[in-house]
Amino acid sequence: MAITHIIFWFLTALALVSALMVLLSKNPVYSVLWLIAVFFAISGHYILLNAQFLAIVNMIVYAGAIMVLFLFVIMLMNLDKETEPQKDIWMKVAGVISGGCLLIQLVRLAKDAPEMVNKTALLKTGSIGLIENLGKVLFSDYVVPFEISSVLFLSAMVGAVVIGKK
Amino acid sequence: MTILALDWFLLIEKLILIAIIIFASLGVALYTTFAERKVAAILQDRPGPNRAGPFGLLQPLADGLKLITKEEIIPTHANKWLFILGPGLAMTAALMTCAVVPWGGTIEVLGHQVDLQIADVNIGILYVFAVVSMGVYGVMIGGWASNNKFSLMAALRAASQAISYELAMGLSLIALLMVTGSLSLRTIVEQQVGHVWNIVYQPLGFLIFFICALAECNRTPFDLPEAENELNFGYHQEYSSMKLGFYLFSEYINMFISSTIMATMFFGGYDLPFVTSHLSIPGTAAIVGIVVLMAKVVMFIFLFMWIRWTIPRFRYDQLMDLGWKKMIPLALANMLVTGFFILWHQNNWHF
Amino acid sequence: MNAIILSALCGVVMMFSGILLKNKSAIKYVAIAALLVLIIGNLFQFYGIYTIDIDSKGLLSFDRTGLFFNTIIFVATLAYFILSGSDIERAGPDVAEYFALIFFVLCGVTILTSFNGLLMFFIGIEILSIPLYILTGSDKKNLKSNEASLKYFLMGSFSTGILLMGITLIYGATGSFGLQSTTIKSAVTGFSSAGILAPVGLVLLFISMCFKVSAAPFHFWAPDVYDGAPSVFTSFMATIVKAAGFFAFIKLFAAKSEDFGPGPAWKLILFVIIVATLFIGNITAVFQQSVKRMLAYSSIAQAGFMLFALYSTNDFTKDGILLYTAAYSFATIGIFSILTKMEDYSLDGFNGLSKSQPVLAFTNTVFFLSLSGIPLTAGFFAKYYMLASAIKGGGSLSLVIIAVLFAAVSVYYYFKVIQAMYFKEGVAATNTPITGNFKVALIVLAAIIVILGIYPTALLGFYYF
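Protein chains in written order, with this note's numbering: chain F, 1 to 166; chain Z, 1001 to 1351; chain X, 2001 to 2465.
It is worth saying that the hints were derived from the structure and are not from the lab.
Ideal placement from N, C-alpha and C gives every residue a C-beta, glycine not left out.
Any given hint could be a false lead.
Said to hold, decoys possible - Computed list of lysine to any residue pairs in SDA-like fashion (alpha-carbon distance at most 25 Å, straight line):
#1 F/LYS26 to X/LEU2150
#2 X/LYS2144 to F/ALA156
#3 F/LYS165 to X/LYS2140
#4 X/LYS2028 to F/ILE66
#5 X/LYS2028 to X/ILE2040
#6 X/LYS2024 to F/ILE66
#7 X/LYS2022 to X/LEU2119
#8 Z/LYS1038 to Z/SER1025
#9 X/LYS2151 to F/VAL161
#10 X/LYS2028 to X/GLU2343
#11 X/LYS2267 to X/GLY2092
#12 F/LYS166 to F/GLU147
#13 X/LYS2057 to F/ALA19
#14 Z/LYS1080 to F/ALA19
#15 X/LYS2392 to X/VAL2275
#16 F/LYS165 to F/LEU154
#17 X/LYS2022 to X/ASP2063
#18 F/LYS136 to X/GLY2175
#19 F/LYS165 to X/LEU2405
#20 Z/LYS1080 to Z/ALA1062
#21 X/LYS2024 to F/ASP141
#22 F/LYS111 to X/SER2186
#23 F/LYS166 to X/GLY2092
#24 Z/LYS1014 to F/PHE53
#25 X/LYS2439 to X/LYS2151
#26 F/LYS136 to Z/TRP1349
#27 X/LYS2185 to X/LEU2150
#28 X/LYS2140 to F/MET157
#29 F/LYS92 to F/ALA19
#30 Z/LYS1070 to Z/LYS1014
#31 X/LYS2151 to F/PHE53
As the list claims (entries may be wrong) - Facing chain Z, according to a computed beta carbon distance under 8 Å, are these residues of chain F, among others:
#32 ILE60
#33 ILE66
#34 VAL68
#35 PHE72
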């Protein structure tokens, strides 16, 4: 077992456990912290795939910016147990059953998918994830969607101003 | 020496390097506190700490001892785990940044070429940003877990300030990266060795970066998270003993690291003009490099302190106004002008 | 490309017009002028006179159907601006920004009519959705509007997540964002020989798109959002945005080529969804007391009819979706423009409108007749084309019979409004004085609907010639 395999399994276990803890934690602040752990684990996976830029951007954007905002909102909320709405037990059961059905289906499909059998990810090889190649592809083949997404951000910014203004 | 598909020499080399750099950072942080008090004293025309040791040189050790031996208090209604996690995160994030800084050239140890840098990743500067943005968590978690309204307010201030100034900081660096064409800190330094420093190309970019660095380190005039008259003491109000020490230290380490980054990005890193590129004896260049880099860092740290004891603090709305309405547009304009000049240079346009 | 670039530019122009123009009502005229420029620019490309040419590396492709659909959408927006422009001014303080957001939505629409691959499709869907979340919540003092906005945003984000997961699986199966590959084709026409990832990805895409067009059982957000949003913006959401969503949906699954339609397995899923949508939309609409909420449910019911275009992909489909878009959008925009003028949105609020405002009552009647699909209005032919395409597709007579039955149900609740306007005593109060221009515009819109109802080739003639 090479060192990359050990790291891979460690990161996978970390990601899964953390993701479960996000759901199972009673305290939303803990959930946010576990979610950050998930992002770290996934960034680790990206690095294993030699996609360093993606890994670091994942950390800057998700762990560094979005989760800070989440934490902001949660910290300003009143987290008393009395004011929390009680969820119906049947809703929980229904949610678990339907979500579990989807999970079983997806796992089964993934297990049998001919596209995925006997194929492993390319670890430590491939250079498309490096920033030079990514930049070249982004500014040649995908320049139109890149530019058009500026409209998306512009509209989101206008929206933020409209919503935020008194 | 490869067992388990690992180069053990490399591993040991890096571990030693990491240990040296961490202890050096801690030492620098320790003596920065001393320097801060001395600088303040000089600026205010008073002697400053002068009892412990010659010129008060043992003062920081005494301070450290005091912090460690103080009673540890965890407030009753505080969230215990997060209360302890907060200072730890702040310290970790502060120390992690130095992984990508090139402290000097290459030296030879036991027949191996050893780079005086822990990791030369090709996204170096982005890594710094990622770690800096993690630093907010230590403050926020500590402030929230203290279960004190003033701490929470200060933590929120610190976080929103950090997020706001990170934007302008990143934008000002984009212009620099357009000039250098690389994100790796080593490449950036090597480009400057024997050539002009980047400050010549990016004076405005440096100014923006410097102001944002002040804000990121919560230094005056941006030390709103610790505004005593409004918030008692700040986000670490409930902390005592070494946990408080961690927060204070992490701030000084942040200052040290941002000075290093500024020296590396804009002032040639370990480059001594007209000298470094002519040093032919191997090893000498690296040693001279480290000394030169440290000299530059000390200059920046002095600048930080000078500003702290000279300029009063902003009001919070002024701070946000400066960040969003002045720094970001300025950084964008800087980017645009830089882009124009690069195109001009590349295409040999004539007017 | 003309329309994409111009609509984005128009949005920017509107943003600046808010700073430069102090007079609020002037902003509306700037918006109308910008829209006219947009229409002309689009027609330039449609007739091949002048096209801004940008090499999109095969990510965008422009065909006549898409460009013509753009034109219909822009003209419907023009009608919307003329009829409801003054209501947008009253919706809140940021008039210029509202217009800017509407133009950004139009940019999303133009991308959705020309995408050639899942990447542009996704960007189009997002540009379409994000301004809508904001427009829904633009009435900031109103708790219902806030709730609707938050609900829409959360549900929309969730469905976007499902969409992205679908795209990921398809990308994993085919290695590209394109839709031309044989894997996708065999996944659409039948599940065999397509592997597993692509069909699963398509199912996720399908679910997400059903959500965006509010087809049952993914419709739960629609009534609350349509009811909670300011009425002017509900009008825009329920017509133009929904039609664009359908166009993208059909383009994604069917309109690649004539021989390339959903296979039997898909047809079964679609059958169930169409029947469920028709059932829930129509039956729930019967019990509504608020006209606005009734229209929200009726828009779900209309979505059921529009899904026919996906069910049967043949010559009739394209004509059908174009005609349906025009008929449905024009009529609904007209109804909402009248509704926003009313003091009371409940059914009783319309009592005796024919006495106080005969023009409004008459045109409203025409719009409702068109929505219910009575002959001599555009709605009749729109429904006819949809059902005809299903019959031509063969083997789905039962679906057509069900649809006709539900169309009959829809007549009942649409006629309740007409009944209230003409046969009930009361004083239907309007919240603003009705201007002569507004009446003229309404009459013109009603006339268009009647002309399309008598002579539908008037619209399709443009398309073919």
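Verification of the supplied hints:
1. F/LYS26 to X/LEU2150: holds, 23 Å
2. X/LYS2144 to F/ALA156: It holds: about 22 Å lies between the C-alpha atoms, which stays within 25 Å.
3. F/LYS165 to X/LYS2140: Given that 25 Å is the threshold and the Cα spacing comes to 10 Å, the pair holds.
4. X/LYS2028 to F/ILE66: Violated: X/LYS2028 and F/ILE66 sit about 37 Å apart, past 25 Å.
5. X/LYS2028 to X/ILE2040: holds, 18 Å
6. X/LYS2024 to F/ILE66: violated, 36 Å
7. X/LYS2022 to X/LEU2119: violated, 40 Å
8. Z/LYS1038 to Z/SER1025: Roughly 20 Å between the alpha carbons, so the hint for Z/LYS1038 and Z/SER1025 holds.
9. X/LYS2151 to F/VAL161: holds, 20 Å
10. X/LYS2028 to X/GLU2343: Since the Cα atoms of X/LYS2028 and X/GLU2343 sit roughly 23 Å apart, the hinted pair holds (cutoff 25 Å).
11. X/LYS2267 to X/GLY2092: violated, 45 Å
12. F/LYS166 to F/GLU147: violated, 31 Å
13. X/LYS2057 to F/ALA19: Violated - the C-alpha atoms of F/ALA19 and X/LYS2057 are around 39 Å apart, more than 25 Å.
14. Z/LYS1080 to F/ALA19: Distance ~23 Å between Z/LYS1080 and F/ALA19 Cα, so the pair holds.
15. X/LYS2392 to X/VAL2275: holds, 19 Å
16. F/LYS165 to F/LEU154: holds, 16 Å
17. X/LYS2022 to X/ASP2063: violated, 41 Å
18. F/LYS136 to X/GLY2175: OK: F/LYS136 and X/GLY2175 at ~19 Å, within 25 Å.
19. F/LYS165 to X/LEU2405: Judged against 25 Å, a Cα distance of about 49 Å means the pair is violated.
20. Z/LYS1080 to Z/ALA1062: violated, 29 Å
21. X/LYS2024 to F/ASP141: violated, 43 Å
22. F/LYS111 to X/SER2186: Distance of about 21 Å is within 25 Å: holds.
23. F/LYS166 to X/GLY2092: Holds - the C-alpha atoms of X/GLY2092 and F/LYS166 are around 11 Å apart, at most 25 Å.
24. Z/LYS1014 to F/PHE53: holds, 23 Å
25. X/LYS2439 to X/LYS2151: Given that 25 Å is the threshold and the Cα spacing comes to 36 Å, the pair is violated.
26. F/LYS136 to Z/TRP1349: Roughly 24 Å separates the two Cα atoms, so the pair holds.
27. X/LYS2185 to X/LEU2150: Roughly 37 Å separates the two Cα atoms, so the pair is violated.
28. X/LYS2140 to F/MET157: holds, 17 Å
29. F/LYS92 to F/ALA19: Distance ~18 Å between F/LYS92 and F/ALA19 Cα, so the pair holds.
30. Z/LYS1070 to Z/LYS1014: violated, 35 Å
31. X/LYS2151 to F/PHE53: violated, 34 Å
32. ILE60: The hint holds - F/ILE60 has a Cβ within 8 Å of chain Z, the shortest such distance being about 5 Å.
33. ILE66: violated, 11 Å
34. VAL68: holds, 6 Å
35. PHE72: Since the shortest Cβ distance to chain Z is 7 Å, the answer is holds.
Hints 4, 6, 7, 11, 12, 13, 17, 19, 20, 21, 25, 27, 30, 31 and 33 from the list above are not met by this structure, while the remaining hints are.
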